[in-house]
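Based on the provided sequences and hints, a complete structural model is requested.
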Amino acid sequence: KAGVTQTPRYLIKTRGQQVTLSCSPISGHRSVSWYQQTPGQGLQFLFEYFSETQRNKGNFPGRFSGRQFSNSRSEMNVSTLELGDSALYLCASSLEGTPHTFFGPGTRLTVL
Amino acid sequence: DQQVKQNSPSLSVQEGRISILNCDYTNSMFDYFLWYKKYPAEGPTFLISISSIKDKNEDGRFTVFLNKSAKHLSLHIVPSQPGDSAVYFCAASGAGGTSYGKLTFGQGTILTVHP
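So the sequences go chain by chain: A and B. If you use the numbering used here, the first sequence corresponds to residues 18 to 129, in order. If you use the numbering used here, the second sequence corresponds to residues 341 to 455, in order.
No lab work stands behind these hints: they were computed from the structure. Some hints here could point you the wrong way.
Have a look at the derived ranges for each label pair, beta carbon to beta carbon [claimed, not checked]: (1) B:H454 <-> A:L100: 36 to 46 Å; (2) A:R32 <-> B:Q343: 27 to 37 Å; (3) B:P455 <-> A:Q58: 41 to 51 Å; (4) B:H454 <-> A:Q35: 42 to 52 Å; (5) A:H117 <-> B:L351: 37 to 47 Å; (6) B:K408 <-> A:G75: 35 to 45 Å.
Each residue gets a CB set at the ideal place from its N, CA and C atoms; glycine is no exception.
Next up, the structure:
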């Protein structure tokens, strides 16, 4: 079975721009979640989608948003980028009813 | 408000010895605990997990112990190998159903295993 895939792997943007990151979960996994990893804050939960609906949300500003499609693929969007948004963004998927969450390789976003 | 804490930023161990990584949590609603291993610029890799109804779970060289009354868990790696060198994260999730999709992570412990 293929693992969680994320595109692109690397991105460089400038302040004020917006960015969209994509994630394809493991086949059969309907829950998709997103995390941000920074040196200062560690791994922080952004949001989780299940059946195209946001089911859990972390403490991030409204500039961070996401969506999930009918095939379980997910995208997250960050608008009006700030320098502090530079981070590794990780997508993860899991089977419904289990906490075993599997992560993708991440997208490294650099905001200049 | 750090609900999951890994108080040791780093741990250095000799090859063949035991590595013990510790994790404390404050939220009594956490019901499931997981350990992940992470290399730089890669996503975390699931290692082992434990439900709150158990106090021990083993998988090969990895054993996780849970002390609910102390809100403490530990990961034991025996014997340690140089390839185990990585950052180890402890994570916790709430009780079942819709809470499983949200993991709360500790800050991580850098494990270095010397040959």
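Each hint tested on the structure:
1. B:H454 <-> A:L100: 36 to 46 Å: 38 Å, holds
2. A:R32 <-> B:Q343: 27 to 37 Å: The hint (27 to 37 Å, Cβ to Cβ) holds, given that R32 (chain A) and Q343 (chain B) are roughly 32 Å apart.
3. B:P455 <-> A:Q58: 41 to 51 Å: 33 Å, violated
4. B:H454 <-> A:Q35: 42 to 52 Å: 46 Å, holds
5. A:H117 <-> B:L351: 37 to 47 Å: 25 Å, violated
6. B:K408 <-> A:G75: 35 to 45 Å: The hinted range 35 to 45 Å is violated for K408 (chain B) and G75 (chain A), with Cβ atoms some 25 Å apart.
Consistency with the previously given hints fails for numbers 3, 5, 6, ordered from lowest to highest.
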